[in-house]
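8 protein chains.
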Amino acid sequence: MKKPKILIIMGSDSDLPVMEEAAKVLDGFAVPYVMTIASAHRTPARTEALVKDAERSGVNVIIAGAGMAAHLPGVVASHTTLPVIGVPIDASSLNGLDALLSIVQMPPGIPVATVSLGKSGAKNAAILAVQIMALKDKALAKKLLGHRAKMQEEVEDKARRLKRKS
Amino acid sequence: MKKPKILIIMGSDSDLPVMEEAAKVLDGFAVPYVMTIASAHRTPARTEALVKDAERSGVNVIIAGAGMAAHLPGVVASHTTLPVIGVPIDASSLNGLDALLSIVQMPPGIPVATVSLGKSGAKNAAILAVQIMALKDKALAKKLLGHRAKMQEEVEDKARRLKRKS
Amino acid sequence: MKKPKILIIMGSDSDLPVMEEAAKVLDGFAVPYVMTIASAHRTPARTEALVKDAERSGVNVIIAGAGMAAHLPGVVASHTTLPVIGVPIDASSLNGLDALLSIVQMPPGIPVATVSLGKSGAKNAAILAVQIMALKDKALAKKLLGHRAKMQEEVEDKARRLKRKS
Amino acid sequence: MKKPKILIIMGSDSDLPVMEEAAKVLDGFAVPYVMTIASAHRTPARTEALVKDAERSGVNVIIAGAGMAAHLPGVVASHTTLPVIGVPIDASSLNGLDALLSIVQMPPGIPVATVSLGKSGAKNAAILAVQIMALKDKALAKKLLGHRAKMQEEVEDKARRLKRKS
Amino acid sequence: MKKPKILIIMGSDSDLPVMEEAAKVLDGFAVPYVMTIASAHRTPARTEALVKDAERSGVNVIIAGAGMAAHLPGVVASHTTLPVIGVPIDASSLNGLDALLSIVQMPPGIPVATVSLGKSGAKNAAILAVQIMALKDKALAKKLLGHRAKMQEEVEDKARRLKRKS
Amino acid sequence: MKKPKILIIMGSDSDLPVMEEAAKVLDGFAVPYVMTIASAHRTPARTEALVKDAERSGVNVIIAGAGMAAHLPGVVASHTTLPVIGVPIDASSLNGLDALLSIVQMPPGIPVATVSLGKSGAKNAAILAVQIMALKDKALAKKLLGHRAKMQEEVEDKARRLKRKS
Amino acid sequence: MKKPKILIIMGSDSDLPVMEEAAKVLDGFAVPYVMTIASAHRTPARTEALVKDAERSGVNVIIAGAGMAAHLPGVVASHTTLPVIGVPIDASSLNGLDALLSIVQMPPGIPVATVSLGKSGAKNAAILAVQIMALKDKALAKKLLGHRAKMQEEVEDKARRLKRKS
Amino acid sequence: MKKPKILIIMGSDSDLPVMEEAAKVLDGFAVPYVMTIASAHRTPARTEALVKDAERSGVNVIIAGAGMAAHLPGVVASHTTLPVIGVPIDASSLNGLDALLSIVQMPPGIPVATVSLGKSGAKNAAILAVQIMALKDKALAKKLLGHRAKMQEEVEDKARRLKRKS
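So the sequences go chain by chain: A, B, C, D, E, F, G and H. Each residue of the first sequence is one higher than the one before, counting from 16 in our numbering. Each residue of the second sequence is one higher than the one before, counting from 16 in our numbering. Each residue of the third sequence is one higher than the one before, counting from 16 in our numbering. Each residue of the fourth sequence is one higher than the one before, counting from 16 in our numbering. Each residue of the fifth sequence is one higher than the one before, counting from 16 in our numbering. Each residue of the sixth sequence is one higher than the one before, counting from 16 in our numbering. Each residue of the seventh sequence is one higher than the one before, counting from 16 in our numbering. Each residue of the eighth sequence is one higher than the one before, counting from 16 in our numbering.
A couple of the hints might just be wrong.
Here are the simulated lysine-lysine pairs, PhoX-like style, with alpha carbons at most 25 Å apart [to be verified]:
#1 K165(G) <-> K67(H)
#2 K17(G) <-> K67(F)
#3 K39(D) <-> K180(D)
#4 K180(H) <-> K151(B)
#5 K173(F) <-> K39(F)
#6 K157(H) <-> K151(A)
#7 K180(H) <-> K151(A)
#8 K165(F) <-> K178(F)
#9 K17(H) <-> K180(H)
#10 K67(A) <-> K153(C)
#11 K18(D) <-> K151(E)
#12 K67(B) <-> K153(C)
#13 K173(D) <-> K153(D)
#14 K39(B) <-> K134(B)
#15 K158(F) <-> K151(E)
#16 K153(E) <-> K17(E)
#17 K67(B) <-> K178(H)
#18 K67(F) <-> K67(E)
#19 K165(G) <-> K151(F)
#20 K165(D) <-> K153(D)
#21 K39(E) <-> K151(F)
#22 K151(D) <-> K173(D)
#23 K173(D) <-> K157(G)
#24 K151(G) <-> K158(F)
#25 K153(C) <-> K165(C)
#26 K153(F) <-> K17(F)
If you're looking for bench data, these hints aren't it; they were derived computationally from the structure.
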């Protein structure tokens, strides 16, 4: 078992169906990660400890997902200078607009790299983490090109199946 | 000088013109307070220390104001079981909707008592804090009645000056 | 049966599934309450009478929930200097944004302590009410610490069950 | 001086620049009105008394303007079965969306006839009030046709001045 | 069969489940009405003809409901000086915000009395129409008082059934 | 088989249920089209090639549908001076507001003709394309009049079935 | 003087600073147009007559700009099968969101080609109109390529002036 | 002069006052960059060429800023597997909500790391880029700690100056 390079952290176990999309992508790239729960509000000390541990153990990127007043990514970012990626989760009646603004509108000095809402965002968070790690890992950079080529083929495949001419 | 009963905390000195409306109201009620700056993201340790200090020194209510992804009130609330009042500040191009949602949409377990945006909210935060303290302070409760009577007179005064009949 | 310390009031019986989350939390803290219905618009006199009764009978905090143009919390606040907590309810096609803005954007002078939308908000309203009462009740303050410790354990428990390492 | 047929009521004297647009339109139609201030929150008793007085003194329509959590039109409507017209006023950083939703989203049973935001709305509130009164006043109905013809001529006049052909 | 006093008009038959709430209220007040379909965009001539007919046949108030870019109430208002009540219908993915703004934000000169979104709005449109007609019909005015008393009793009834004390 | 005059392009095969509404309308007008998939982000080269091919093969109008950060219509427009019609698709939790703003708010110089969200928009995109082509095709212009007459009859038919008089 | 090919129509003379951006673009392409005022609500008959005249006199495309509840483009489209381009104008406190939704969310059957808000939109409306006319005018198609090349050069020019290397 | 490690690209020279905040931050960290203009829509070929050049010349991170339908960051991301950071710019009447949604809501497969609106976002984009580069550059990682310490001191300094006790 390799040392985790990515920490995936979510505010509640109800966020798991969204956040495991990130884990699946990392599995596909064979990038080792650890995934856990910490609440910015109910367990602030646990959150800080997890982040400090991650820094010490060689984690490169932290992916944090949360809904409502989604403070987790920002709180994580306040405890580290590692890149933090925030995934807004649609967990209230406001369609995730609350989570999106709570994550993306970070004040100057402490950035959070925000991706799209929900499962699309969780996938993109993982790809972004891989892109960041690929800057110092040529094998990973090559895998990214393969991943993109595969997406391209999938689109072309679907296009062949759908193409309709009147 | 009396021991402060209210801690007013803001994310940045640019929030001062808004937050000093709260201080003025407390001055009017002769409720002792301390007002300072702490950033949830740039100074998380300082924020936690201020909150713990406030708890120990007998503060009753914490008023926290912030703009953008306004995490300060929620982060304060994560460190205390004192009532926390959040003032959303209009400090970005999104008209304060970002701050409002970041403050009010707290997940279950850790409430933040949210008031209106900007100066109106800062005033109301102070009145709400006084209302809370008045539950155990009859003199303060009486002052609140006087405050309300005064507001009523002001409305009636203005009505007399404005009244127009065609 | 103890004298109620909290009045829970809602605009319509359709709000009950949301507002009874507040009642459950108060049950958990053994804080006596009374829960009833009053409409700001259909029964303005009843609303005022309930509030005046609550003041006289020693109620400490009023929790008011409403949807759409949710005037109930503000109307309640206009009749008392007790702290009023407003719970916006998602009861129209606008996802509760109407209720949220109608409750939180109170003009200066008459605050309403607004919490998050729907069931999360009803829970938080009750916790906030307990936090306010705990300022003069050490046993309650201790229970709050226990409540928070329990939430923390629940998060850690869930984290243990979910933790996944690639 | 004729008995007022319209009561114009506003939440604060800061709303006067908007609401006097309604008065000007009524002056144009020679419809007698009275214009005053009452706050739904700071002076609930005064608000109720004004409405009851209006009913007794033969007022036909009440026009109420307010900003922020604009409860005034709804509170007025809760005290009368006269038609109530609500003018949302842009008086906060949220561009009047708060006032609009607080006025228009009335629950079933107690309608408020809502018009557009700000000065346009104040003008339209007065015209709507005249349209309502014209149902039992043929002279007024005739004036309305004249008013519309005049608007039409103004558009045509402006069209003549602007018309440009390349 | 009495001559209709209210014209209810909707943009599409898919709006019927909403708009028949207005018809039911009018039935309750025994106010004669006619209900039909006309599209502002697909049948502009029919819309104009219906409005002109309504004026001639003694209709007092026109209630128009529409969704999406809901132009019907405004187009109706452009052809008459009768009071026009607009019901925004939630008929697109934007939750009716499109219909609400398209109806309420009428430019100065041509008002539309806008009510709340959907079924609540349709009910309120009918009550508002009755309130307008009651200005010249004392029997109707009395019925309105009865209607309001009944609503009040219903709230009190529900309150008795729900009342819970811990 | 005639040479296609319209290219319908969508970002993903999940957009097909929406976009085939455009195809059905074109079938009704017997306007030849080709419908395919290309992603602005996953297959930028394919997108450009499709557009250049379309230009060469005599396509008159391109209809492009996409959801989320819907860049496809704008990217298509960047590669051609043919008229491009954009259909925003409701494919995220934000109700299509993201797609709508991403398509309609094109900077000066490169227009996209934006239509309504979802299936209504796809239908209208096709009608708009036919309206554009009808400028040089009198038979098509005549068909458009027939199409509009048919819509009118449908409304009148529905009106006859629904008409209700109390 | 050539026969106008484009009709530019606006709801009010206050829209002129926005809409003359469209005229300037058409001047640049030497496309003849006529620009005038008509209000959908204040002058519905004038609006219809202008549209019918335009059809008869050989106009190809109608550009209609309006703010608030911007019905003008939709009303114009209800009277013609010519392509109609709608320019939403930011003329109220709601930042033009009201105009945008009122124009773009047309129900199925009657499209309006909507462009971006304000001056950018007015420019793009004119370019879109030229793109439509260029389908049957090779000289115009060539001018469009020149226009695009010029925009490209301007970007490159600005890039040369701005380019900064640390 | 060192080889640039960051490419800063903006859609228009009007974005310079925002984007040079990113340049200043990079100057502070002595990270070499190049800053230029390219429009996703007016110069798609130039945009692609710049991105491909950047990849070849060893650029690590691309920062792209744009307003309105802000496609530039997404279009850049479609041409590279380097990490792309998007800065939404408030350049229209919609307060930047259009730019924010156009940048952050990228479909699955092609992430853009989105930061806050305007100057705060430009600063944070640069800090995020430095955080990414610091993963393979210990000196830079150390500078980041210094940068954060300095921000902390600034907050404490301001707190000392502001601290007020009643």
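Open item on the list: What's the verdict on K173(D) and K157(G), does the C-alpha distance respect the 25 Å limit or exceed it?
Closed with: violated, 37 Å
Exercise. Is the straight-line distance between the alpha-carbon of K17(H) and that of K180(H) 25 Å or less?
Worked result: violated, 52 Å
*Can the restraint linking K151(G) and K158(F) be considered satisfied, given a maximum Cα separation of 25 Å?*
The hint holds at about 20 Å.
(message) Checking one constraint from the list: CA of K165(G) to CA of K151(F), max 25 Å. Satisfied?
(response) Violated: K165(G) and K151(F) sit about 29 Å apart, past 25 Å.
*Given pair status - K173(D), K151(D), alpha carbons within 25 Å*: violated, 34 Å
* Do the alpha carbons of K18(D) and K151(E) lie within 25 Å of each other, as the hint requires? -> holds, 17 Å
**Request:** Below or equal to 25 Å on CA atoms is what counts here, so check K67(B) against K153(C).
**Result:** holds, 17 Å
Does the structure keep K17(G) and K67(F) at a Cα separation of 25 Å or less?
violated, 34 Å
query = Straight-line Cα separation of K157(H) and K151(A) no greater than 25 Å?
reply = holds, 18 Å
Taking only the CA atoms, is the gap from K67(F) to K67(E) under or equal to 25 Å? Violated, at about 53 Å.
- Query: Taking only the CA atoms, is the gap from K158(F) to K151(E) under or equal to 25 Å?
  - Reply: violated, 51 Å
### Message
What's the verdict on K173(D) and K153(D), does the C-alpha distance respect the 25 Å limit or exceed it?
### Response
violated, 31 Å
Violated hints, listed in ascending order, are 2, 3, 7, 9, 10, 13, 15, 18, 19, 21, 22 and 23; each of the other numbered hints is respected by the structure.
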